[in-house]
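**Q** As a plain string of letters, each chain reads:
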Amino acid sequence: MPKMPRILVVDDEQPMRESLNDWLKEDGYRVGLAASGQEAVDMARKEPWEVILLDLKMPGMDGLKTLKKLKEVRPDAEVLMMTAYATVETAVQAMKQGAFDYLVKPFDPDEVEVQIKKIITHKELVLENILLRRRLEETYQFDEIIGKSDAMQEVFELISRVAPTDSTVLITGESGTGKELIARAIHGNSSRCFMPFIAVSCGALPDSLLESELFGYEKGAFTGAEHTKKGRFEMAHRGTLFLDEIGDVSLKTQVDLLRVLQQKEVQRLGSEKVMEVDVRIIAATNRDLAKAIQEKRFREDLYYRLNVIHIEVPPLRERKDDIPLLADEFVRKYCLEMNREEVKVGPSAMKQLMAYDWPGNVRELENIIERALVIGRGNEISADDLPFSRKETGPETFPKSLKMMEKVHIERVLEAAGWNISRAARDLDIDRQTLYNKLEKYDIRRGDE
Amino acid sequence: MAKGVIICPIGPVDEGMLDRIARHIEMRCSVACRVSAKTDIPEYAYDERRCQYNSTTILKHLIGCCPDDVLGYLGVTHVDLFVPILKYVFGLAEMEGRCAVISMCRLRPEFYDRSPDLNLLEERVKKTALHELGHLLGLTHCKNRRCVMYSSVRIEDTDIKRADFCPTCSELFTWRVDTCVTVHGFKGSEVQG
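Residue numbers (the numbering used here), protein chains in the order written: chain A, 46 to 494; chain B, 85 to 277.
Hints in this document: simulated from the structure, not taken from any laboratory. Think of the CB as a built atom: it goes at the ideal place given N, C-alpha and C, for glycine as much as any other residue. Hints may be right or wrong, so weigh each one.
Label pairs and their in silico Cβ distance ranges [said to hold, decoys possible]:
#1 A:Pro120 to B:Arg246: 41 to 47 Å
#2 A:Val133 to B:Arg134: 18 to 24 Å
#3 B:Asp201 to A:Gly73: 42 to 48 Å
#4 B:Lys122 to A:Pro120: 52 to 58 Å
#5 A:Val133 to B:Asp201: 35 to 41 Å
#6 B:Pro193 to A:Thr166: 51 to 57 Å
Required output: the full structure, derived from the provided sequences and hints.
**A** Pasting the structure below:
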């Protein structure tokens, strides 16, 4: 049986309080009595009350003032105003200030009962609504990936179908769309979930280093190999190996990878020993592999090996419906990390977030929310807290000179990459040194520097 | 006469009817019940503004003159009762106490422009008396519309319910009576009214 609601009766007249107390107790309610507005506020601070019956006319803090205070202390409590005929207008005013309804004293017995039952039903509906919303939010989330758009719902559907199999998966999508999160979700929902998930950022490593990272090496295999090292394939045995930025792998390493995928065996550099590995491969790239194949930069046979199941992650600009959901989630995440009170994304900020085209995708959104929370101090993120609020976002106000265009573009990419120089250089398709030169040339500095 | 519940007529009340109600209480509650001597109309509780009698005041009066060793002291009156916050009440009881008062005023069919019907009135008084006795024993309102402990806010509620407890309320009532008897030791003893 659900717990009986607690009802707080606030009336300066003792007979009113007592008769209501007796009446409500017969119904099994837990009743509290307060003789003044201040006493009611104090009692509300100490204990939650589901229903508050509040007299309008009281000496000292009157009903309206008490209502305001009570709503601050216990916003969830429903307040029923009690009034005499002469103050009905004030009771209506109280309803405008958040009171649930009002009762004219003396009440008809069934009137009190009906009103209280109405509140209980209302509260049950609110609770049910919260639970349904939570359940709905769960459907908008797959592990750490969030999205209610049709495109993301399709991705979720694909993940849940693919995860239990051992099939190789190729995830494609622009930088910052959350390809690694998808790979982790596939691993986390597979039978390999208790075994390692090993991620290798193939594009970040020079060819020789990538080779030793993937396959490992024996002591003395090459100059500097002072001890034996396990490769990522070995580490991922019985688990999942996530090959990120597979489109950036050299043709030579592509051959080695193809061999492992075909034979399911690896050989450390400098070793004769061949080891069997049981690894599920998930690869990801932001490159156009079909074009890379045409240009002979990517092996077609490797492509088909990897592309058993293909998951295309849509860019954020194509799923703008997800922006409020994602923004709220990032706000919640960083508020928790920063030990901040609840912060909301204000309407002006949300308008800007929805208008922006997000070249850096979800990662850029996350960085911008984090930055806004660091910069802003209030309980609402406003347009002023966003880095593009003072910049022009419309095409008609874009810088006209090519140089300025380049500067703005570099700034955007850096922002999207969280000012990670290597990542930004990769996204810009230039080397780190070139990027450093351009930063100096355009005097680009991080906002908080 | 066995000790247990005393019905006290307040003002002119049909004592034959009260006797029959006492028998009903004995049968349904397994406690002794008798009708005491009539007391005066409770003028002390009259509210001129409302033209009604304040049941809280009457209840306080009953508490003051309630014999020490009774399970329940039930005043029955023909006057219309109210509590300050409500327009009227059919009855009022001290929750887990010993005194209660019920009014026959709004139990009469005539109050609702119907023809007088003594049988119907008696049935309604029985139900209201049992209901208030239930409160004296700590029972709260029951959700079963047929149970005598169902809340009567309109006369129709009283007419729908039976003059008996539902199995759960009956079980609770018996348990409470036994607890009271263990504590006070007056079940089956003489009522000293």
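**Q** So, for every hint listed, does it hold in this structure?
**A** Results for each hint:
1. A:Pro120 to B:Arg246: 41 to 47 Å: Because 44 Å falls inside the window, the suggested range holds.
2. A:Val133 to B:Arg134: 18 to 24 Å: 19 Å, holds
3. B:Asp201 to A:Gly73: 42 to 48 Å: 33 Å, violated
4. B:Lys122 to A:Pro120: 52 to 58 Å: The hinted range 52 to 58 Å holds for Lys122 of chain B and Pro120 of chain A, with Cβ atoms some 55 Å apart.
5. A:Val133 to B:Asp201: 35 to 41 Å: Once the Cβ atoms are compared, 39 Å apart, the range 35 to 41 Å for Asp201 of chain B and Val133 of chain A holds.
6. B:Pro193 to A:Thr166: 51 to 57 Å: 33 Å, violated
The earlier numbered hints that this structure contradicts are 3 and 6.
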